[in-house]
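Chain residues, written in single-letter form:
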Amino acid sequence: MVSGASAGPDSVLEVLRGIPDPEVPALDIVELGIVRRVELTSDGAVTVEVTPTYSGCPAMSMIEQEIVAALRANGYDQVELRTVYSPAWTTDWLSDAARAKLKAYGIAPPGHTIAEQVLVPLISSVRHAACPYCGSANTERKSEFGSTACKAIHYCHHCRQPFEEFKAI
Amino acid sequence: MDVLFEYLLRLGDDRLVLGHRLSEWCGHGPVLEEDIALANVALDLIGQASRFLGLAGRVEGKGRDEDALAYFRDVIDYRNVKLVELPNGDFGRTIVRQFLFDAWSVLLLERLQQATHAELAGIAAKACKEARYHVRHSGEWVLRLGDGTEESHRRAQTALDELWPYTGEMLAADEVDRAAAGAVAPGVAALEPAWREVVSDVVRRATLTLPADGFMHSGGRQGRHTEHLGHLLDEMQILARSHPGATW
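Protein sequence lines, in the order shown, are assigned to chains A and B.
Under the numbering used here, the first residue of the first sequence is numbered 666, with each subsequent residue one higher.
Under the numbering used here, the first residue of the second sequence is numbered -8, with each subsequent residue one higher.
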């Protein structure tokens, strides 16, 4: 598809929107906020700025390989990847549409980030995530650490179903 | 001596060594949730170490990347505090050590977000978000263990008493810390009052007793380590040293 290379940076973004996050495939890497910026020069060279969700995100190198492969397949042969750390990735970047996709996928969407004043709050003061299956707030956080760095484990006392929450960070 | 390089090595080595220690729990946690939690924290710490050491290598300018620094330095060149290289012991000891470190780390990273070096500030800002849930996790466990059963209380108190002499190294500001407080970021040298406030508050709520200050170990920052670091590095470095340059 040589035609892709002749269009603007929006067409590059369109290609990147076709890449699902390897660990949360309900979202693509653009709506997840991993892709921060795209540049396209007149001679067709592409620069993509990416930021990791977590410092030790093990999926990052796979995502970078997929970006290069997807762009090559669409006629962009000169691709440069740049990793940026600032501003730090936050779940506040997720749009309402992205949050709805998470919920439909069975993952409770993140609440808005709040700056806690106390470093070690009382355990009972933990916020209750709404169950993505039945909507009940009668839930309990079992662990802040789940199957991937970005998720916490909860349990719904109403529908008796364990579920994951996309952690607000 | 390049202060920034030396300071970045400390930041990287503390997290690399502690991350490796925590990874030893993978598959051995007392319950599945904690197995996953400790592995997750290990992953964060190793990720942070990779960022700090990568920057250290670029600051040094001799072509060493994060892997070269992690896998091809010997004990004497490691700059971590001794606290993080000590064996894990039981779950209580691992958690108490983690809390003592996390409480210090989050305070340090908060201040490092003000670093004059933009990339360092960016890495610190990201790591700080992770350190916040790390200290919440380890702090909550100190509360549970201290204020739990007679057995868990006893083990947590023993760990606190035994680890306390290793905390001085995090707080004692040497010439590198003082230089960093001028050249790298304000307020990174004197973290002791803030750290003591956080630690003593959690220790009190956990019904534990804060040990009295006495002899404090030192030397890790200068490369004089306990016997334990060599064994840890043997295991961590053997693959990279047996197959130099290997990738997968």
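For the record, the hints were derived by calculation from the structure and aren't laboratory data.
Note that beta-carbon positions come from the ideal geometry of N, C-alpha and C, so glycine has one too.
Accuracy of the hints is not assured; some may be wrong.
Estimated spans, in silico, between C-beta atoms of each pair [claimed, not checked]:
id, chain 1, residue 1, chain 2, residue 2, range
1, B, Lys53, A, Arg792, 22 to 28 Å
2, B, Ser233, A, Tyr820, 31 to 37 Å
3, A, Ser812, B, Lys53, 52 to 58 Å
4, B, Val22, A, Ala762, 34 to 40 Å
5, A, Pro786, B, Cys17, 49 to 55 Å
6, B, Ser233, A, Asp757, 42 to 48 Å
7, B, Gly54, A, Pro723, 38 to 44 Å
Straight-line alpha carbon distances no greater than 25 Å define the calculated BS3-like cross-link-like pairs of lysine-lysine that follow [said to hold, decoys possible]:
id, chain 1, residue 1, chain 2, residue 2
8, A, Lys807, B, Lys53
9, A, Lys807, A, Lys768
10, A, Lys768, B, Lys53
11, A, Lys807, A, Lys766
**Study point:** Satisfaction of hint between Lys53(B) and Lys768(A), Cα-Cα up to 25 Å
**Key:** Violated, at roughly 49 Å.
Check your understanding: Taking 31 to 37 Å as the hint, is the beta-carbon distance of Ser233(B) and Tyr820(A) inside that range?
Key -> violated, 45 Å
Review point. Do the alpha carbons of Lys807(A) and Lys53(B) lie within 25 Å of each other, as the hint requires?
Key: Outside the cut-off at roughly 47 Å; violated.
Practice item. Can you let me know if the beta-carbon spacing of Ser812(A) and Lys53(B) is within 52 to 58 Å? Key: violated, 40 Å
Review point. Taking 25 Å as the top limit, are the C-alpha atoms of Lys807(A) and Lys766(A) close enough?
Key: Roughly 23 Å separates the two Cα atoms, so the pair holds.
Practice item. Return holds or violated for the Cβ distance of Ser233(B) and Asp757(A) against the range 42 to 48 Å. Key: holds, 45 Å
Point to revise | Proposed proximity, Lys768(A) with Lys807(A) (alpha carbon, max 25 Å) | key: holds, 19 Å
Review point. If you check the beta carbons of Lys53(B) and Arg792(A), does the distance land in 22 to 28 Å?
Key: violated, 48 Å
**Study point:** Pairwise beta carbon distance, Gly54(B) to Pro723(A), judged against the given window 38 to 44 Å
**Key:** Violated, at about 26 Å.
Exercise for review: Could you say whether the range 34 to 40 Å given as a hint is met by the Cβ separation of Val22(B) and Ala762(A)?
Suggested key: holds, 37 Å
**Study point:** Outcome of range test on Cβ distance (Pro786(A), Cys17(B); 49 to 55 Å)
**Key:** violated, 28 Å
When each numbered hint is compared with the structure, violations occur for hints 1, 2, 3, 5, 7, 8, 10.
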